[in-house]
Amino acid sequence: MKIIITSNSGHDVLAISGEVDMDTSPELRTHLLEFIHKRTPLLLIDFREVSYIDSSGIATFVEGLKGMMVYGGKLKFVAIPEKIGEIFSFAKLDRVFEIYGSIEDALHR
Amino acid sequence: MKIIITSNSGHDVLAISGEVDMDTSPELRTHLLEFIHKRTPLLLIDFREVSYIDSSGIATFVEGLKGMMVYGGKLKFVAIPEKIGEIFSFAKLDRVFEIYGSIEDALHR
Amino acid sequence: MTGDIVSVTVPSHPRYLCVIRDITARMADICGMDQATVDQVKLAVDEACSNVIKHAYKGDTTKTFSVIFRIREKEFEVVIDDSGPKADLSCLRGRDLDDIRPGGLGVHFIKRVFDSFAFDKRKRTGNRLRLIKRLDRGNEDHHNQ
Amino acid sequence: MTGDIVSVTVPSHPRYLCVIRDITARMADICGMDQATVDQVKLAVDEACSNVIKHAYKGDTTKTFSVIFRIREKEFEVVIDDSGPKADLSCLRGRDLDDIRPGGLGVHFIKRVFDSFAFDKRKRTGNRLRLIKRLDRGNEDHHNQ
Ligand SMILES: Nc1ncnc2c1ncn2[C@@H]1O[C@H](COP(=O)(O)OP(=O)(O)O)[C@@H](O)[C@H]1O
Ligand SMILES: Nc1ncnc2c1ncn2[C@@H]1O[C@H](COP(=O)(O)OP(=O)(O)O)[C@@H](O)[C@H]1O
Numbered sequence: 125m126k127i128i129i130t131s132n133s134g135h136d137v138l139a140i141s142g143e144v145d146m147d148t149s150p151e152l153r154t155h156l157l158e159f160i161h162k163r164t165p166l167l168l169i170d171f172r173e174v175s176y177i178d179s180s181g182i183a184t185f186v187e188g189l190k191g192m193m194v195y196g197g198k199l200k201f202v203a204i205p206e207k208i209g210e211i212f213s214f215a216k217l218d219r220v221f222e223i224y225g226s227i228e229d230a231l232h233r
Numbered sequence: 125m126k127i128i129i130t131s132n133s134g135h136d137v138l139a140i141s142g143e144v145d146m147d148t149s150p151e152l153r154t155h156l157l158e159f160i161h162k163r164t165p166l167l168l169i170d171f172r173e174v175s176y177i178d179s180s181g182i183a184t185f186v187e188g189l190k191g192m193m194v195y196g197g198k199l200k201f202v203a204i205p206e207k208i209g210e211i212f213s214f215a216k217l218d219r220v221f222e223i224y225g226s227i228e229d230a231l232h233r
Numbered sequence: 046m047t048g049d050i051v052s053v054t055v056p057s058h059p060r061y062l063c064v065i066r067d068i069t070a071r072m073a074d075i076c077g078m079d080q081a082t083v084d085q086v087k088l089a090v091d092e093a094c095s096n097v098i099k100h101a102y103k104g105d106t107t108k109t110f111s112v113i114f115r116i117r118e119k120e121f122e123v124v125i126d127d128s129g130p131k132a133d134l135s136c137l138r139g140r141d142l143d144d145i146r147p148g149g150l151g152v153h154f155i156k157r158v159f160d161s162f163a164f165d166k167r168k169r170t171g172n173r174l175r176l177i178k179r180l181d182r183g184n185e186d187h188h189n190q
Numbered sequence: 046m047t048g049d050i051v052s053v054t055v056p057s058h059p060r061y062l063c064v065i066r067d068i069t070a071r072m073a074d075i076c077g078m079d080q081a082t083v084d085q086v087k088l089a090v091d092e093a094c095s096n097v098i099k100h101a102y103k104g105d106t107t108k109t110f111s112v113i114f115r116i117r118e119k120e121f122e123v124v125i126d127d128s129g130p131k132a133d134l135s136c137l138r139g140r141d142l143d144d145i146r147p148g149g150l151g152v153h154f155i156k157r158v159f160d161s162f163a164f165d166k167r168k169r170t171g172n173r174l175r176l177i178k179r180l181d182r183g184n185e186d187h188h189n190q
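Residue numbers (my numbering), protein chains in the order written: chain E, 125 to 233; chain R, 125 to 233; chain G, 46 to 190; chain X, 46 to 190.
Just so you know, the hints here were simulated from the structure itself, not pulled from any lab data. Please read these numbers as outputs of a predicted model, since none were measured by experiment. Note that the Cβ used here is the ideal one computed from N, Cα and C, for glycine as well. Each hint should be verified, as a subset may be incorrect.
[Unchecked claim] According to the in silico footprint, chain R covers these stretches of chain X (three or more CB under 8 Å from chain R): (1) 61-71; (2) 88-99; (3) 142-148; (4) 153-163.
[What the hints assert, rightly or not] Here are the simulated DSS-like pairs of lysine-lysine, each with C-alpha atoms no more than 25 Å apart in a straight line: (5) E/Lys216 x G/Lys178; (6) X/Lys178 x R/Lys216; (7) E/Lys126 x E/Lys190; (8) X/Lys178 x X/Lys166; (9) X/Lys99 x R/Lys126.
Just chain E, same shape as in the assembly:
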């Protein structure tokens, strides 16, 4: 897994590539907690290059979402590959997370 943090139109974007599993999700968690600590109002997660996610990766995002909801922050998922999306929908989390096709969609809709 690799994480790259950028900003798009002034909004934070966390782009992940590779495999999110029990080995790598602690690093993802550290980043999410930092954004929560800073009370980031909107955080976009770019999934385009994610090749794998397991339940520890999902748990990390559930924890992150809950942390952001406390202060009214928004977490938006972008460009989820089909096989990753399938996992979210099986876990009934496609209704919990806000999911968009692109960063543009996430910002303007």
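Since chain E is already given, all that's left is putting chains R, G and X with the ligands on it; use the hints.
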């Protein structure tokens, strides 16, 4: 490994995808021997989708080339990915096989 | 192919879960499963091995565990052996999927793709989890592609 | 990580070489090798295992062989064990690279990336080939990416 045989401007093209190894090279060999049996004058091998080749795959091509040379047939390699090309050059076979960037190059040069 | 066994032993560190995933995906592919099923099986075995590290070993990364893959005529069997204390089977249940909280998904991922999920009670020390998926093979020679 | 061992046993059928390749590539990656080196190590171990099937077992696909990967502070070791007759070490030589013919490349692929290639003479029955590659690690935490 998957093999697809097509023709381009009347010439036979054998396109390989995936891994050519000790398990799969016998299937490649069968195809090459068929072309040799038919005395195919020019055979293009499209490497674009080859992700791996080992010494048994290379041996299969050396055998194929020798079989075609017997009757003056031509074997041309096309679109070899960098990491596959590196293996041919280490084995000093980039000087033995005719290698082209594209099918167009192989046909018109 | 029928009866073929592949076995692997790795340290109980999450760093090696990717090794197990790779093998699992290859074995599922050799059995002729389609890509979506291969992906589900890969996730399921990863979850079962994560649980060994997390629950059986309580995060101790200095142990080892083994995974055995067996391809039978009509089933694909995965057996995971650890040397941890006996699992309390009464806890072995995923969360309600509508109860949104971190955790509790692994068992669901395992059960959706494997037809059988059972700890082997005959094992004296440690745990042996046996996962079985029935195979419905149209084309025995798929792996030869 | 130092001292970690991963071991795998597979049937002596070429169908399972891809499993060995996957594990090899992952282990080389975990050691922090760059992609080009990972690819060379993968090819080398594949060639060594192909030789077990081809030479030690003379194509018999009903045997098994084992591969053990060990990550040490400064080296990556791969040990391949078979139960075939003792290899005739006098034959163990690749062809002259200028002598273009099928075969004879495997040993070259192994020796270009591994610093040591040696059969363990202490082994009583079967063969044990030990391959060692020195590690020059800039960044111990590469695998954590
Ligand atoms: N290998 C195991 N050994 C002991 N207990 C286990 C094991 N696997 C699962 N469990 C129990 O089953 C519960 C549900 O597992 P799971 O669905 O994977 O969710 P999670 O691991 O996130 O809690 C765990 O919380 C644990 O109590
Ligand atoms: N595991 C082995 N057991 C016995 N002999 C071997 C083994 N590996 C290699 N050899 C010998 O070394 C020679 C060179 O091996 P290699 O370079 O892999 O080429 P090839 O296998 O194509 O002949 C082989 O022809 C064989 O005689």
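Verification of the supplied hints:
1. 61-71: Check passed, 3 qualifying residues.
2. 88-99: holds (count 6)
3. 142-148: As far as the region 142-148 of chain X goes, the hint holds, because 6 residues have Cβ atoms under 8 Å from chain R.
4. 153-163: Satisfied; 3 residues make the cut.
5. E/Lys216 x G/Lys178: holds (24 Å)
6. X/Lys178 x R/Lys216: This hinted pair holds, its Cα atoms lying about 24 Å apart.
7. E/Lys126 x E/Lys190: Measuring from Cα to Cα gives roughly 23 Å; hence the hint holds.
8. X/Lys178 x X/Lys166: holds (20 Å)
9. X/Lys99 x R/Lys126: holds (23 Å)
Going through the hint list in order, the structure satisfies each hint without exception.
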